[in-house]
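S.K.: Sequence:
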Amino acid sequence: MGTGLSRLGCSIEGDIAFVVDSSGSIGQNNWKTQLRFIEELVRGFVVGPNDVHIALITYSTGYKVEFHLKEYETKEEVLARIRDVNYTGGSTETHKGIRMMRVGIFNPRNPQGPRTGIPHVGIVVTDGFSDNPNATVKQARLAKTENIIMFAVGIGSETRFEELIDIATRPKEQHVFHVGDFDALASIQEVILQEICNALCPNNWTARGGKCYYVSSTALSYAEAGQRCVDLHYSATLATAKTKIEYKTITKMIYTKTGYNFSYYIGLDNERSGGADFIFADNSTSVLYSEWISEVPSGQRQGCVMLDKTHSFMWDVTECSVSLPFVCEIDKTRRT
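When the letters of the sequence shown are read in order and numbered with my numbering, they come out as residues 1 to 336.
Do not take every clue at face value.
[As the list claims (entries may be wrong)] Each pair of labels, with its calculated beta carbon distance range:
#1 LYS138 - SER321: 53 to 59 Å
#2 ALA223 - PHE161: 41 to 47 Å
#3 THR256 - ASN203: 17 to 23 Å
#4 THR256 - ILE188: 36 to 42 Å
#5 ARG272 - THR116: 40 to 46 Å
#6 ASP231 - ILE188: 27 to 33 Å
No lab work stands behind these hints, which were simulated from the structure alone. Backbone N, C-alpha and C define an ideal beta-carbon position, used for all residues, glycine too.
Start from the sequences and build out the full structure, keeping to the hints where you can.
M.R.: Structure follows, in structure tokens:
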């Protein structure tokens with residue numbers, strides 16, 4: 001391990017709070033294994049003032065805020081502090097840990113709390129079902145209502161899978177994890193890192209409607225632009241603009257950045273089909289929404305689609321060799 005998200009091509013910016021079970025059923029040896037698991041997850045992030053901030057809460061009979069988001073600015077400081085977290089034992093009052101994550105760690109009035117406009121992530125780790133399941137579900141629901149992206153990690157046979165699902169953000173396949181024992185935690189580290197990566201937008205990208213967007217200031221050919229998107233993030237494509245909302249989102253971002261001074265590539269062309277069907281960058285062909293200028297696609301010119309600056313960013317076709325700036329997207333609902 002150790003390369004983590006950097007090896008997956010993901011440099012993210014986010015505030016991440018671990019909510020960690022310290023109840024009596026864990027035991028001292030498993031506690032150390034659990035802390036090593038959290039350490040390895042943290043190693044996968046770029047921790048710093050403009051990157052990832054980490055906080056940690058433990059819960060058993062009650063809760064304890066071990067450290068806040070802005071308390072430590074380097075990965076080394078965070079890792080050293082995690083190693084010093086003490087095991088308490090006691091009951092499993094999961095709801096109190098989640099509540100303190102909400103009203104304490106992610107409280108905007110907390111001077112050591114979250115940053116404005118940065119995604120918030122809660123990772124709940126538990127080896128059993130909570131003492132008050134209804135309260136746990138309520139607090140998790142409130143957290144999700146407050147736009148905290150929730151992950152749930154269950155360990156052992158005493159965990160209640162339905163409760164993990166209730167804690168986590170949907171879809172459960174991307175936010176719920178379970179292993180048979182503490183020693184198996186190492187086997188899911190990379191998967192969890194990748195899902196956190198998928199849930200957040202990389203640095204310098206903008207989150208809108210389940211997608212991340214990047215407006216380039218570099219002019220490239222259509223093929224080069226598509227490759228540059230992949231270079232920026234392994235699952236990125238040129239932006240597809242398949243709905244009116246997506247189209248308006250993209251054009252607003254461009255206009256805010258450059259006005260109507262440049263045309264931009266989006267991910268749509270009929271070069272690959274020899275002038276027949278237009279194909280989106282994600283290889284889908286169903287164009288249910290469009291913003292064509294009047295003479296396209298009736299003339300069905302072969303080429304690549306741009307948002308035309310001379311027609312208020314309506315769709316037009318140009319030769320794919322033309323160098324233009326472009327918009328990339330990461331569709332967080334599209335599995336890779």
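S.K.: Next, verify each hint and record whether it holds.
M.R.: Here's how the hints hold up against the structure:
1. Between LYS138 and SER321 the beta carbons are some 58 Å apart, a value that agrees with the proposed interval 53 to 59 Å.
2. For the hinted restraint 41 to 47 Å between ALA223 and PHE161, the CB-CB distance of approximately 46 Å keeps it satisfied.
3. The hint said 17 to 23 Å for the Cβ distance between THR256 and ASN203, and at roughly 19 Å that hint holds.
4. The given range of 36 to 42 Å is respected by THR256 and ILE188, whose C-beta atoms sit roughly 40 Å from each other.
5. Distance hint check: the CB atoms of ARG272 and THR116 are about 42 Å apart, consistent with the given range 40 to 46 Å.
6. Remark: the range hint 27 to 33 Å for ASP231 to ILE188 is upheld by a beta-carbon distance near 28 Å.
Taken one by one, the earlier hints all hold for this structure without exception.
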